[in-house]
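Just so you know, the protein sequences line up as chains F and B, in that order. Just so we're aligned: 512 in my numbering is position 97 of the first sequence, and the numbers increase by one with no gaps anywhere. Just so we're aligned: 231 in my numbering is position 105 of the second sequence, and the numbers increase by one with no gaps anywhere.
Take the hints with a grain of salt, since some may be wrong.
[Claimed, not checked] Which bits of chain B does chain F cover? Going by a derived footprint, with three or more residues having C-beta under 8 Å, they are:
# : stretch
1 : 144-155
2 : 174-185
3 : 220-233
4 : 258-267
5 : 278-291
[Stated by the list, open to error] Part of the chain B face toward chain F, derived, beta carbon under 8 Å:
# : residue
6 : Ile197
7 : His250
8 : Asp252
9 : Leu273
[What the hints assert, rightly or not] Computed beta-carbon distance windows for the label pairs:
#  : chain 1 : residue 1 : chain 2 : residue 2 : range
10 : B       : Met127    : F       : Asn725    : 23 to 33 Å
11 : B       : Pro251    : F       : Arg438    : 53 to 63 Å
12 : B       : Pro251    : F       : Thr441    : 17 to 27 Å
13 : F       : Ile615    : B       : Asp128    : 41 to 51 Å
Since the hints were derived computationally from the structure, they do not count as laboratory data. These figures come from a predicted structure and were not determined experimentally. Where a beta carbon is used, it is the ideal one built from N, C-alpha and C, also for glycine.
The lines below spell out each chain.
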Amino acid sequence: MTMSEYVLQEIPVGPYKHLVSERAVTGETMLLNMGPQHPSTHGVLRLLLELDGEIIVNAIPDIGFLHTGIEKNMEAKTYLKAEVMCDRLDYMNPLGNNLSYCMAVEKLAGLDVTPRAQALRVILVELQRIASHLVWLGAFGLDLAAMSVFLYCFREREVILDIFELVSGQRMMTTYIRPGGLWRDVPVEFEAAVRNFLKIFPKRIDEYEALLSKNPLLLDRVVGIGKLSAEDALSYGVTGPGLRACGVEWDLRKARPYMGYEQYDFRVPTRKEGDTYARYIVRIEELRESLKIIEQALNKLPMGPVNSDNRKFVPPPRSELGTSMEALIHHFKLWTEGFSMPKGAVYSAVESPRGELGVYLESDGGPKPYRVHWRTPSFDNLSVISLITKGHLVADLIAILASIDIVLGDIDR
Amino acid sequence: MDNKLEKIVQVLQEKAGATLEEFRGEVHVLLDAGQIVDALTFLRDEHGFSLLSTLTAVDYWPQAEPRFHVIYQLTSLTQNLSLQLRVPVGASQPKVPTAAHIFTSANRREREVYDMFGIEFEGHPDPRRILMPEDWQGHPLRKDYPLGYEEPQFTFNFEEIDLRKPYVKE
Numbered sequence: 416m417t418m419s420e421y422v423l424q425e426i427p428v429g430p431y432k433h434l435v436s437e438r439a440v441t442g443e444t445m446l447l448n449m450g451p452q453h454p455s456t457h458g459v460l461r462l463l464l465e466l467d468g469e470i471i472v473n474a475i476p477d478i479g480f481l482h483t484g485i486e487k488n489m490e491a492k493t494y495l496k497a498e499v500m501c502d503r504l505d506y507m508n509p510l511g512n513n514l515s516y517c518m519a520v521e522k523l524a525g526l527d528v529t530p531r532a533q534a535l536r537v538i539l540v541e542l543q544r545i546a547s548h549l550v551w552l553g554a555f556g557l558d559l560a561a562m563s564v565f566l567y568c569f570r571e572r573e574v575i576l577d578i579f580e581l582v583s584g585q586r587m588m589t590t591y592i593r594p595g596g597l598w599r600d601v602p603v604e605f606e607a608a609v610r611n612f613l614k615i616f617p618k619r620i621d622e623y624e625a626l627l628s629k630n631p632l633l634l635d636r637v638v639g640i641g642k643l644s645a646e647d648a649l650s651y652g653v654t655g656p657g658l659r660a661c662g663v664e665w666d667l668r669k670a671r672p673y674m675g676y677e678q679y680d681f682r683v684p685t686r687k688e689g690d691t692y693a694r695y696i697v698r699i700e701e702l703r704e705s706l707k708i709i710e711q712a713l714n715k716l717p718m719g720p721v722n723s724d725n726r727k728f729v730p731p732p733r734s735e736l737g738t739s740m741e742a743l744i745h746h747f748k749l750w751t752e753g754f755s756m757p758k759g760a761v762y763s764a765v766e767s768p769r770g771e772l773g774v775y776l777e778s779d780g781g782p783k784p785y786r787v788h789w790r791t792p793s794f795d796n797l798s799v800i801s802l803i804t805k806g807h808l809v810a811d812l813i814a815i816l817a818s819i820d821i822v823l824g825d826i827d828r
Numbered sequence: 127m128d129n130k131l132e133k134i135v136q137v138l139q140e141k142a143g144a145t146l147e148e149f150r151g152e153v154h155v156l157l158d159a160g161q162i163v164d165a166l167t168f169l170r171d172e173h174g175f176s177l178l179s180t181l182t183a184v185d186y187w188p189q190a191e192p193r194f195h196v197i198y199q200l201t202s203l204t205q206n207l208s209l210q211l212r213v214p215v216g217a218s219q220p221k222v223p224t225a226a227h228i229f230t231s232a233n234r235r236e237r238e239v240y241d242m243f244g245i246e247f248e249g250h251p252d253p254r255r256i257l258m259p260e261d262w263q264g265h266p267l268r269k270d271y272p273l274g275y276e277e278p279q280f281t282f283n284f285e286e287i288d289l290r291k292p293y294v295k296e
């Protein structure tokens, strides 16, 4: 095909008439498709842009390209098997998803978690938060043409993923946190591996900051871009670093401590500005706070069992199977039929790297969840894009989208 | 129940005729569909429930009356409280008034509930499907919607199943 044969494929206004301005109907502004295959949309996100020259009049997100029916699938599996699905939700935060699901199951069943399991969960989830923020920081740099940051971030993320591999055998889809505790205790090398990470990482954060935080090329593109007010953020359901960058000090770890977060001394970083740079700074500071939590949790890591001794929910240890008839029966029942739950519904939320990750879990008394709903933070965080990109350039959209830190698996479920 | 929450729930009981359920320390308030907009506005403006954490639904098929519960999970940041509102919806013509003008986040969550359960939200500004393709038939999270699977083909029934498969044949 020669260049003269190209026809500009315009998007018909028809189905989007109520979403775009009147100028799009008359043809004064242009409707442009961005994604779902686009390097800067962080996955399969499609954006319908209404452009006046280079200025964004409207940005309409179109999601669902990664919809895998996880909620429906979980209804067809026992509670333990359904947990495997939740790793695949927000694939940058599998341990956090495990934790939020297990907390919902434990709340519904009335299970207690041992102090050692709680501390290990905190360490792992905070490591996961760092890993997730590192992917975000790398992609943020990459979108703003700072390639080297991406490589550095992935170097450090690799150390964390190695720790996950050490404890669970898997780098990403861990399913390590189980209802009532953990899959098994951590190996002896765990503490040394985490201490090693704690030793190297503070200096690495300084390196990232040296590359980005005062870099005029970056500041030109992020300061004052994509401003969000606290009222709008709440109305749009924005949580996590996006909300804290608007000056609202709301962190579920502080507000409603779970897994013993109240024992640890840490700060909730906030900024007043609500722009792209504020979101960047909040996440960088969260990296340091997470390190503080990990160090404290590791210093006073209690000894003891990692699993609840309630055999109706937690499988007995392998060693008991040879000598105890009850253990054998429980083992057989738990791995075939699964455990039955009391009838009822709970909502349990944790602070994921992206915001409030909630699980609505309803049981009809059987061994399978009757309804699981995931309140995924990215779903709401993304919706704000149509508000804060108005009047900015297309290039700013990339920076704003990167600063929101969306994960499409989290949005589409 | 928390003292502050108890007072709020009392008002809802008096004003909107709500009924109350408590489970594992969570408060679930059942309301009629006609009261939900007033209740949400009241909670947001008077008691600081400024965050609609989530909005979803449950299907109790084959039970017909009510077949669905639409669930509003509210969070108050200033008072650090959580409250769940539940609206029972019947099986024939499931309809609930929209909350999109109270919480902007309800816009997308209601589209999701419509997409997955076929519950319509009256007065919704953008009533389209959100996750499934636009031309999709049915509402996947309903309990009478089967979980799809592929039939295993063996030598004895290979051709029979092959004929039913939707791909293009030579």
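Residues of the stretch 144-155 of chain B with Cβ under 8 Å from chain F, three needed, outcome: holds (count 4)
F:Arg438 and B:Pro251 - C-beta distance against the hinted 53 to 63 Å: The hinted range 53 to 63 Å is violated for B:Pro251 and F:Arg438, with Cβ atoms some 19 Å apart.
23 to 33 Å as the expected CB spacing between F:Asn725 and B:Met127, which holds or is violated: holds, 27 Å
Proximity test - 8 Å, beta-carbon atoms, the stretch 258-267 of chain B to chain F, at least three hits: holds (count 5)
Coverage claim, chain F over the stretch 220-233 of chain B, checked by counting residues with Cβ within 8 Å (three needed): holds (count 4)
Check of the stretch 174-185 of chain B against chain F for coverage (Cβ-Cβ below 8 Å, three residues minimum): holds (count 8)
Coverage criterion applied to the stretch 278-291 of chain B (partner chain F; beta-carbon cut 8 Å; 3 residues): violated (count 0)
Restraint satisfaction for B:Asp252 [CB to CB of chain F, less than 8 Å]: holds, 6 Å
Agreement of hint B:His250 with chain F interface, Cβ distance less than 8 Å: violated, 11 Å
Status of the given 41 to 51 Å range, CB of B:Asp128 versus CB of F:Ile615: Given a distance of about 45 Å, which is inside 41 to 51 Å, the answer is holds.
Satisfaction of the B:Leu273 interface hint, Cβ to chain F closer than 8 Å: Because about 5 Å separates B:Leu273 from the closest Cβ in chain F, which is inside the 8 Å limit, the hint holds.
Restraint check, 8 Å cut-off on beta carbons, for B:Ile197 near chain F: holds, 7 Å
When the structure is compared with the earlier hints, violations turn up for hints 5, 7 and 11 and for no others.
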